[in-house]
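Number of protein chains: 2
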Amino acid sequence: MNFKLKTSREMLEMKKDENFSRWFDELLLNAEIMDNRYPIKGFAVYKGWGARIVRKITEMLESKLEETGHAPMLFPVAISEDSFKKEAKHIKGFTAEVFWITHAGKRKLKKRMLLRPTSETAMYPMFAQWIRSHADLPLKIFQSVCVYRYETKATRPLFRMREFLWNEAHTAHRDWEEAEKQVREAVEIYDEVFKSLGLSYYILKRPDFDKFAGAAYSIAFDAWNPDGRVNQIGTVHNLGENFSKAFGITYEDIEGRQRYVVQTCYGFGISRTLAAIISQHGDDHGLVLLPEIAPIQVVIVPIPYKGSEDEIKKYAKKVFERLNAAGFRVYLDETDKTPGEKYYYWEMFGVPVRVEVGPRDVRDKHVTICERVNLKRISVAFEEAVQVIKETFEKIKRDLKDKSLSTLKDMTVDASDVESLRRAIKSKKIARVCWCGSIECAEKITEESGGEIRGQRIDIEEKPEHPCIICEREAEKVVYVARAY
Amino acid sequence: MNFKLKTSREMLEMKKDENFSRWFDELLLNAEIMDNRYPIKGFAVYKGWGARIVRKITEMLESKLEETGHAPMLFPVAISEDSFKKEAKHIKGFTAEVFWITHAGKRKLKKRMLLRPTSETAMYPMFAQWIRSHADLPLKIFQSVCVYRYETKATRPLFRMREFLWNEAHTAHRDWEEAEKQVREAVEIYDEVFKSLGLSYYILKRPDFDKFAGAAYSIAFDAWNPDGRVNQIGTVHNLGENFSKAFGITYEDIEGRQRYVVQTCYGFGISRTLAAIISQHGDDHGLVLLPEIAPIQVVIVPIPYKGSEDEIKKYAKKVFERLNAAGFRVYLDETDKTPGEKYYYWEMFGVPVRVEVGPRDVRDKHVTICERVNLKRISVAFEEAVQVIKETFEKIKRDLKDKSLSTLKDMTVDASDVESLRRAIKSKKIARVCWCGSIECAEKITEESGGEIRGQRIDIEEKPEHPCIICEREAEKVVYVARAY
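In order, the protein sequences belong to chains Y and P. With this note's numbering, you'll find the first sequence wraps up at 1114, consecutive numbering, no jumps. With this note's numbering, you'll find the second sequence wraps up at 1114, consecutive numbering, no jumps.
Please note that a few of the clues may not be correct.
Any copy, or any two copies together, can satisfy a pair, since identical chains are not distinguished.
Below, simulated BS3-like cross-link-like pairs (lysine-lysine); rule was C-alpha separation at most 27 Å, straight line [unchecked claim]:
1. Lys943 - Lys966
2. Lys714 - Lys739
3. Lys966 - Lys685
4. Lys1055 - Lys1026
5. Lys739 - Lys782
6. Lys824 - Lys1030
7. Lys670 - Lys737
8. Lys715 - Lys735
9. Lys1073 - Lys1055
Because the hints were derived from the structure by calculation, they are not lab data.
With the hints as constraints, model all of the structure from the sequences given.
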């Protein structure tokens, strides 16, 4: 990789815990993730480092989707108003936030079109043409694209944009049971990818009032965030026959009867997953990247010493060649900054492993390996470097995952009365409460605490041990309450 | 790869040479490249096979761009009207064909925005913020995205869409000389990628009246097409200081003076490159894909024989495992279609190599290898299969490249008078003519022949040996004339 270094740079000034929001914004700009100064609100530029990480995340997900029989496709960004208006609940859910294309050149278009806020209404008119018989099922497809939503809430880079990157998969099945199986597969795929990114989150069935517009039910992945506002990084929906009836997607079953397909769809927030990686793993030095998604996995920093500059340079090259041949994405930093400046610089970019090469290393045929999570150094023989770095990668993955999971646990508190709920939300926690299931009590919860009911866990069964936190009638569910992006 | 086969399918009905246009359209649909029945004109769906090929082409190009120091980025699709209007010639060139976003939800936007027709005006306001000193230069970036142009001419799938896929690179430099060097690098990169796709084309400097809106000059790659209409698959522009003056992109040079950067940009038409691959390499059986971009490189077809079905099945699996372990993208077709149906099917999809496994192969521990270009079969020992397939891949690449180049040569004819020019264009040729350089004669050429001046070659120097084909004054240039997409 040919990588261009800036010659001077202000380092991060903010501590993550003191002011998460400013720390995050500064990091996005300084680590070349995203530049939010684009002249249209809610639209921003992914810069080199960010675009490369995005590509890695996308590849991880797409390869899992292909392995499980999903075909990649690419649908237009523009949706006709006719298609958009076919499913009543869907249009109701999205109509306030779609961007309309009304003119081309100097002409007014006869039929205006909208930018996809999500692609059901772009895809399903085609599904109706593609699906004829049971042999065409299941149909499983995906695309990685930008979608467009006119958010009226305050926008936040990566977390809430008017243009954001996601991967959406859409499937069609013979019956409800097959669709249910698909929902489980989708949850597993997302869980695997998020886990391999070291993230921690709750997998929640959303309350009915908060499901996707047009779905039978929705499941969501809510990742923790240092500011206490959970970050929905993925959702999985069983659409039932809602869309197939609206779009006339039918098939002939084995007995020759025409039946509606049962559909599912699921969205993986690529921008938001990047936000979660930065927020959960980052520290006061900057980004911390897992080796899988780090554009540079190992940076080599030579420590020049008067009289032995040439020797060190030569040895550093040798180290570079060895690590490069081993398949690592490795970069030898030969700029004229001081070693200390280089350390700070690459720590900010989250490079998982730094290899320092000084006079003593040359003499002993050693290298000094420093890992990004704990910034601990060890000295190892040149011959062992590749193996030790591989092990360090595994350790980094374990450490990040463990740290993130323990934070999620620490952030989660039980609240059995309104006062403790209020306190929990105010102190940036996720509250676990018992709820009767009524919309009135759900609204009251938000009114009293500022948090919202995010749903009940699907990975474990949690039985209410208290009455409803609001009305004190018998509780139906244990739900998680938090502020959210 | 998990790949879903359709159980029945109409095969191609058209011959490529009899009716190219229908052959092309049928092939797009049947080989699951693109479905053009999307309800908005000029917008279409890339299906699984097409999307996978697109991804391979994109990866080939992007890795070359990264190797040469270009950073991947991702800019918004929406451009503010203010930015768009900054460069006078640029706006004049594009204003008739931009899509306007004017509303969001039920509100009229205070400032309307346009969908990028190309990204100069999205990127350069950011360049002005990013570039401060000579140390920030050169800046070299790229993105692979869809762009939007309201074409008023008839749209054609892949060739001329209102939404199409491309990769655009943009660079900024200290001076004209550096920019010139960059133009040469860009031409080399594109030439390498197109060549490794086996394509043939002319690299032409466009006449001044046909350069990119806002450029100092433009170079284009015009690929031949069976219908005689050349297909512009890539362009490279030196922008001079036109945009840096309009957007105020300056840097401080080594002496401390403020100077305007000199810029270049270049676009690689991904949709059009796919069109060129289909058109140049395809035949009456369907697609012919180079191994580099084939989603499946080798398909194994078992030939069952009464009594030895199990044996053959087992042997086919063994062959699969060997080829898979060798790193090929291989698919074992175990559907219950007949071998003949499978042959036709996979030939249509352009899979470069088919391995047939019949009773004699099992007995002799052989496999039968059939290559897609010439459909010739050879029998080789199991142990040699991997090596022979590798060699067959190389042969396919050579054959396709040679065949395409010889077609380009055959298609090109010299025309020294209007009558022979007219005849050449009518018979779907590319004409080589001498031209005085005047716009009047250029217009006359189009009027008389229907072809347009595409430009003069930059790879070789061609000196006019005749007077201008129209006015008979001294000719300035040898130019190529053709109809175009």
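Comparing the hints with the structure gives:
Taking the shortest Cα distances, Lys943 and Lys966 sit within 27 Å of each other inside one copy (18 Å), while across copies they are farther apart (62 Å). Taking the shortest alpha-carbon separations for Lys714 and Lys739, both the intra-copy value of 17 Å and the inter-copy value of 25 Å come in at or below 27 Å. With identical chains, the CA atoms of Lys966 and Lys685 are never at most 27 Å apart, being 29 Å at best within one copy and 38 Å at best between copies. Proximity of Lys1055 to Lys1026 under the C-alpha cut-off of 27 Å is found in neither arrangement, the shortest distances being 31 Å within a copy and 65 Å between copies.
With identical chains, the CA atoms of Lys739 and Lys782 are at most 27 Å apart between copies only, with a shortest distance of 17 Å across copies and 32 Å within one. Proximity of Lys824 and Lys1030 under a CA criterion of 27 Å is satisfied intra-copy only: 8 Å inside one chain copy versus 46 Å between copies. Taking the shortest Cα distances, Lys670 and Lys737 sit within 27 Å of each other both inside one copy (25 Å) and across copies (15 Å). Only between protomers do Lys715 and Lys735 lie at most 27 Å apart by alpha-carbon distance; the minimum there is 18 Å, versus 29 Å within a single protomer.
For the homomeric pair Lys1073 and Lys1055, the shortest alpha-carbon distance inside one copy (16 Å) is at most 27 Å, but the shortest distance between copies (77 Å) is not.
In summary, the numbered hints that this structure violates are 3 and 4.
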